[in-house]
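Each residue of the sequence shown is one higher than the last, beginning at 2 in the working numbering.
Warning: the hint list may mix true and false statements.
[Unchecked claim] Mimicking EDC-like on lysine to aspartate or glutamate, the simulated pairs with C-alpha atoms at most 16 Å apart in a straight line are:
hint	residue 1	residue 2
1	Lys161	Glu88
2	Lys103	Asp273
3	Lys73	Asp273
4	Lys73	Glu88
5	Lys159	Glu88
6	Lys103	Glu88
7	Lys73	Glu187
8	Lys161	Asp105
[Said to hold, decoys possible] Simulated restraints on C-beta separations:
hint	residue 1	residue 2	range
9	Ala70	Leu168	38 to 48 Å
10	Thr148	Val175	24 to 34 Å
11	Glu92	Gly162	28 to 38 Å
12	Ile59	Pro111	33 to 43 Å
13	Gly162	Ile129	26 to 36 Å
14	Gly68	Pro176	23 to 33 Å
15	Val151	Asn96	45 to 55 Å
16	Val175	Phe93	30 to 40 Å
17	Val251	Val175	27 to 37 Å
18	Ile59	Asn96	39 to 49 Å
19	Asn173	Ile62	21 to 31 Å
Don't read these hints as lab results, they were simulated from the structure. Note that the structure is predicted; figures quoted are calculated from it, not measured. For every residue, glycine included, the Cβ atom is placed at its ideal position computed from N, Cα and C.
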Amino acid sequence: MSATAEAYTGPLGELKEGVEHLLKTLDPLSVFGNRFHPTRIASFGEWTLSINTVYFLISAIVVVWIGFAVAKRMSIVPKGRLMNAFEFLVEFVRNNVANIIKHDQRKYEPFLLTCFFFILISNLIGLIPGVHPGTGIIGGTLALAITVLVYFNAVGMKAKGGLKYWLGLVPNGVPVWLAPIIWIIEFVSMLLRPITLALRLFANMYAGHIILGIFGLLTGLFAEATLIHHSGALIAASPAWLLLLIAMYVLELVVAFVQAYVFSLLTAVYIDGAVSGH
């Protein structure tokens, strides 16, 4: 057996198999994610409920539970860790996200808060080992982005009227002969917004899951090799890999918060553009 073949039957082989399994499990190119179980709905054929969708539903349940729990404990002066944490996050979204909207800010705060908390909870749940997060596949983030697209267009038409809203895609002062070209450019740009929203959130979360998975594999391999060979170098390296893995988890916690903030912030920008005048 060649040296290369022996290398791939040892730790390197285990790492290679682990990474391949990790990539296959996360399935980044799947719109629906890995299948959880198929359900047949009348004559509409087979409808697949993916495990990513299951965790999306779990995230929604957690957000609703937090809402009810906070509503029961609501008081003038927040008491308890849950209430203080919730109050801090609500104030953060109000002062750093919703304040971008110049007109009727309070009207759109519930939607922005829902986006922020749902994405934050989904991201945090996705950091649990073995979980298949909805924000880790492009289908999940695209669904969120399309929801934002529908929402800001709906509130824009409600605020300005349908015809005025769509004609308002062209800024004031544009020459008449140039207006159709500008309108097409603005319309296409608007349709691209959910794609950029979805890709930004998906790419950051998916990359984080891959990095954590690989560092977890390396930590396990070093620990296994340490138990087998009792090498001084391996004994020293194993805790270092573990500390590095913990540091990466802390970093991903920050990324989970930042991505929820960025998604909500861009949503507020789109809402403001839809309801405000040019």
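So, going through the hints one by one against the coordinates:
no.	hint	result
1	Lys161 <-> Glu88	33 Å, violated
2	Lys103 <-> Asp273	7 Å, holds
3	Lys73 <-> Asp273	32 Å, violated
4	Lys73 <-> Glu88	14 Å, holds
5	Lys159 <-> Glu88	30 Å, violated
6	Lys103 <-> Glu88	23 Å, violated
7	Lys73 <-> Glu187	45 Å, violated
8	Lys161 <-> Asp105	13 Å, holds
9	Ala70 <-> Leu168: 38 to 48 Å	46 Å, holds
10	Thr148 <-> Val175: 24 to 34 Å	31 Å, holds
11	Glu92 <-> Gly162: 28 to 38 Å	34 Å, holds
12	Ile59 <-> Pro111: 33 to 43 Å	22 Å, violated
13	Gly162 <-> Ile129: 26 to 36 Å	47 Å, violated
14	Gly68 <-> Pro176: 23 to 33 Å	50 Å, violated
15	Val151 <-> Asn96: 45 to 55 Å	27 Å, violated
16	Val175 <-> Phe93: 30 to 40 Å	38 Å, holds
17	Val251 <-> Val175: 27 to 37 Å	49 Å, violated
18	Ile59 <-> Asn96: 39 to 49 Å	29 Å, violated
19	Asn173 <-> Ile62: 21 to 31 Å	46 Å, violated
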